[in-house]
Amino acid sequence: GGDIISVHQDITELKRREAELRRSEARFALAFQISPGMTAISELATGRYVAVNDRWIEIMGYPRDVVIGRTAAELKVWSDPVDRARAIATLQREGRLRNYEAQYRTAGGELRDFVLSAELLPVEGAAQMLIVGDDITVRKRAEAELRRSEARFAGILKISPEAIIVVDDQQLITLFNDGAEAIFGYAAGEILGSPIDVLIPQQARAAHGQHMRSFAKAPESSRTIGDRGEILGLRKDGSEFPAEASISKLEVGGERLFTILLHDISNRKQAEMALLAAKEEAELANRAKSEFLANMSHELRTPLNAILGFSQVIRNEVLGPAGNAKYVEYANDIHGSGEHLLEIISDILDLAKIDAGHDRLDEETVDLAEVIQSCVRLIQERAEAAGIMVRTHGRNGPTLLRGDRRKLKQIFINLLSNAVKFTESGGAVDVGLTCDLAGCAVVSVADTGIGMDPADIPKALEAFTRIEGTLTRQREGTGLGLPLAKSLVELHGGWLDIESTLGHGTCVTVRFPGGRTVG
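Add 1226 to the 1-based position in the sequence shown for the working numbering, that's all there is to it.
Source of the hints: derived by calculation from the structure; they are not laboratory data.
Careful, some of the hints might be misleading.
Said to hold, decoys possible - Pair ranges (Cβ atoms, derived):
(1) Leu1476 x Pro1739: 52 to 60 Å
(2) Arg1373 x Leu1501: 25 to 33 Å
(3) Ala1504 x Leu1476: 40 to 48 Å
(4) Ser1447 x Ala1311: 50 to 58 Å
(5) Gly1295 x Ser1343: 23 to 31 Å
(6) Leu1604 x Gly1719: 22 to 30 Å
(7) Ala1511 x Arg1482: 54 to 62 Å
(8) Arg1617 x Glu1506: 47 to 55 Å
(9) Ala1611 x Glu1506: 47 to 55 Å
(10) Ser1420 x Arg1482: 12 to 20 Å
(11) Ser1447 x Glu1589: 53 to 61 Å
(12) Pro1262 x Ile1294: 19 to 27 Å
(13) Ala1551 x Glu1506: 54 to 62 Å
On a predicted model such as this, the values are computed, not experimentally measured, just so you know.
Note that the Cβ used here is the ideal one computed from N, Cα and C, for glycine as well.
The task is simple: from the sequences and hints, build the whole structure.
Written out as structure tokens, the structure reads:
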């Protein structure tokens, strides 16, 4: 027999290396698939996809079997092929690619932004590359919107008619917008870097400096400048102007900035001064008118009293028979007209004296109930002739008040006359007297007359003003009754209020302060 020669080769190490390679490939395949980044392997030269992970499929929207074996150009993945050419050139030159921004087009046609990193893979045959992409679409859009927003803000800041000035911690000007240029007369180029004091009059700089130091230490982020008085700005030509301003502070990149918004109020101040001058002029004219009317009291009343006196002599035939009955009738008409004219003149002169500040109270202790009753008696005859009932209500016994008896009677005669004048036949006027919890004496005069629209009440309280209407035009009057009554009440320190409804009557309430009541 022949000898058998066996040759044995130990492949344990080889088998171990193969097993380790398989494990390594399995680990790579697992890591490749579950990578949170969009990952792909493609041929370097052709761009043909060898593998893509789940994240790539999710973002790009292609089925896997459509992608594998096709090129990036066929799928039109790169929105700009030039970007891919640059990336490949860098990868070939340097062996790697880092933080390369590019735009991909998804299966749905949407353009999305990515930052890419790539490595060459040591694979036999065609060279391959591993590309990992991070989707930065949201970030890029946010950055673009921020840039647009900043551009819009910069545009608004520049063209704002308000002066917008930014200074740093050293109070040097770092921003000076168009509004500031227009107001102060400086071009931005000649003022930037200058201290803010250049824009402040010499006499106000110390106060401004103190204010800025105080604000820098204060917790609030903004405040109005000039809370305690007007502030002044200084133009390039040396002229000063009144202004309103506010200031805010902001930390930017570790630097503290102060933004001042300033508005030139010269025109408004001039308008206010013109308005004030016109008001003073009107007040002077009104005062002159009131002074004139108040001083005319004697000149107007003296001849009128003579007319009343002589007409009364003729009417009563004091010096003997007139000889013709018509003379007596005419004298009676003259006397009646004279009395009516005297009432009007007296009301005008009383109102003028109050306006001129010449009227004074001749004070005494007065029984308000007795004054009201005497006024009711005076008006009673006229009311009965018109078919109107006048009734009194309220406290029994005296209500003592410190006041001017004649002026108090004037108040209530005016109110009662108005109530009777504007009430139809068959209506009623109710007069009430009470004291409220504060001790004020309260008198009300309520009628069932024609009333008025509540919106017309302020007009009714204006002198020489009559509310227009069919019923009011049928009644004589100067429109002085309510204004005079209100002025006389206020002369006593009281208040007059009116409540009225058109077609349902009016209630006038007078309150005298508790300090005037006695006992």
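- Query: So which of those numbered hints doesn't the model satisfy?
  - Reply: The structure breaks only hint 2.
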